[in-house]
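Student: For reference, the chains in residue letters:
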Amino acid sequence: MSRSAIFAKIQSANAALKTRAAYPKYDMVLVHSLPKLEGTDLWEIFARNFSAVNGKPMDSVSQLIDFLKTNQQLHGYCDPALFDAIGSRLAAAGLIVETEYHRDRYDDYQFGITRATGAIAESGSVILDDDRTSHRLAALSPWVHVAVLERAEIHRTIPDAIAAFGDSSNIIWCTGPSKTADVEGILIEGVHGPGEQIALLVKGGC
Amino acid sequence: MIGIQPIDQYARDISDEKQHSVIDGSAAGTDKRYYVLHKDYPDPDALRKLAAAIKDHTLHHLGDYLAKAEKSLTQRGVHVHYAATDEDARQTILTILRQHNVAQLTKSKSMAAEEIHLNPFLIDNGVECLESDLGEFIIQLDGDEPSHIVKPIIHKNRRDIAKTFLREGICSDYNDDPGTITRRARVHLRAKYMEAQAGITGANFVCADTGRLVLATNEGNSRFGMAPVPLHIALVGIEKIIPEEKDLAVFLNLLGRSATGQQLTVYTEFINGPRSANQPDGPEHMHVVFMDNGRTDVLASNCKEILRCIRCGACQNVCPVYRQASGHAYRSTYGGPVGAVLSPILFGSRFPELADLPKASSLCGACNEVCPVDIPIPDLLLRLRDKAKRESIPSAGAIPMSPFATLATSPSLWRTAMTMSKAMNHLPIQVAPIKPLQDWLGQRTLPESHGGDFRKWLKNRKEVRS
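Protein sequence lines, in the order shown, are assigned to chains A and B. Going left to right, the first sequence walks through residues 720 to 925 as our numbering numbers them. Going left to right, the second sequence walks through residues 650 to 1115 as our numbering numbers them.
Please keep in mind that the hints were generated in silico from the structure rather than gathered at the bench. Hints should not be assumed to be uniformly reliable.
Said to hold, decoys possible - Dumping the calculated DSS-like pairs for lysine-lysine here, alpha-carbon to alpha-carbon at most 27 Å:
#: 1; chain 1: B; residue 1: K688; chain 2: A; residue 2: K755
#: 2; chain 1: B; residue 1: K720; chain 2: A; residue 2: K728
#: 3; chain 1: A; residue 1: K744; chain 2: B; residue 2: K1071
#: 4; chain 1: B; residue 1: K681; chain 2: A; residue 2: K755
#: 5; chain 1: B; residue 1: K1108; chain 2: A; residue 2: K744
#: 6; chain 1: A; residue 1: K755; chain 2: B; residue 2: K1036
#: 7; chain 1: B; residue 1: K1036; chain 2: B; residue 2: K1071
#: 8; chain 1: B; residue 1: K1036; chain 2: A; residue 2: K728
#: 9; chain 1: B; residue 1: K688; chain 2: B; residue 2: K698
#: 10; chain 1: B; residue 1: K688; chain 2: B; residue 2: K895
What the hints assert, rightly or not - Here are the in silico distance ranges between beta carbons for each label pair:
#: 11; chain 1: A; residue 1: A882; chain 2: B; residue 2: T723; range: 38 to 46 Å
#: 12; chain 1: B; residue 1: Q740; chain 2: A; residue 2: A741; range: 34 to 42 Å
#: 13; chain 1: A; residue 1: G813; chain 2: B; residue 2: P929; range: 24 to 32 Å
Beta carbons: idealized from backbone N, C-alpha and C, even for Gly.
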């Protein structure tokens, strides 16, 4: 009943219009932020913009191991598909790495390693697409989220990333660590989700 | 005759502490927005005019796009509902929750849900409903109302919040360090996410072509709230539709920068269906409730441009009246310039009660300048003042100007008045038996009158010349 009532009211309101605005044609270049796109190497552009939103770009597993050890984040989850390339090396370095995520122990995981299904250079965002990434919770509950990224999956601009949405029913762009400024406008990171957002670049094929 | 308008009364009674919180918070937002927008774009105006054109086109074809969005969502396994009124929306949501035996849920920030007072309704009906945005969580603990679209607790300081946390048992000792406050909320809320059976959200945009709903948060609360639960309900105003996904590039770039000076909010989520089969987390059931609740009345009004609004709060940050009076002075879900237009017409039956809001503006135009969808707010305020005048609503009335007109058109009366005005320097003018004058002077201090001095000077000058 509500449906027909709403559509009737919309029709009646718009019937009174003398002219209806046409859909504007526009060039996507208008929405590109040129200062943010400076450079040629997509990983370098991404790393610069990702750092600007307090993300931590890394390009080697040993760098990640150092970071986790320095920050005492020694127990975590790793997507089983990434275990051979990354998780096993962490385990060899003495970290505890689980390949199953148990909800009832959500507070045990200090880091979560999941696959980024893309990234956006212009905004410094990592993309997690439901179809191709493991547990959503493993990217949320640990203090450190490591998004594992391949160079070929970096989009240059925001419009490029939208054009590549595909058929997935859930896609999320993460642009830095979870944050708030609700209390007196003071920036605090790690509100509900990770306080550290890492993008780890790996060579293709893992 | 008018009394003091309610918004003026509120601005007069606001505490210094609260006023300073609002002024500091809103000014910071304006500066950051300006810097970021102009650093990134040579001509930000072109972008916001484009956004306005896309929104106008959508609103002028809203029936088509709404039907298209419904079809796209339905094809993806999403249950679509319509709610003509606030009561319809509340009942629809409650029915869905009961069908799924939901006793506990978390909710991410939604102005549409604020508008229909969803939380108290669900709690009265036995559903534990917890706000998960940090600011909204604190508002809920205090039984308060948000006073800003993006920064709901702009009117509170850290000491207020620390006291609330202690009082409500979120922690066992007083600590007003913002980092500690945030950590404590983190621990409390993630336990609630895990216990809940549903997540309720709003939506920032809905793309008609694919049905994708966009949720923008910085905290990640909507993502977390929905990851462990089987049911997602999104309450969406019918004006949130945009034609195509590619238009998101325009709106997302404007939303983050206008709201918080960010290129994008930290979490920007695109949803058009239940979770995929190979994804272990996320809702298996998704419902979208498209709500009218007065929007079609606004569409039929001469203020339909306000439906372009993407709820960024930039007009609130920049408004001199908002800064002085705070969002609560607008006595409605939507405060500030957008609220001064939207609230009186969206809640049609409340028009007389809220008809003072369009008067609460100096028409300085700052709200229009910062608006990411170029809403001509000052023009709309004038249209609503006109409506109030035509409907003879006393609270929106102006000080009657006819006595002034009589004075100003008669030289002899004017001369007498000028001479008399000097006497006023020695008399308490507040006792003058003229109600509008009393009200006006109740909030202002007049400078000393020098009535007649100019005329005397001019006369002497003529005599010297001749």
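Student: Which hint numbers does the structure go against, in order from smallest to largest?
Tutor: 3, 5, 6, 7, 11
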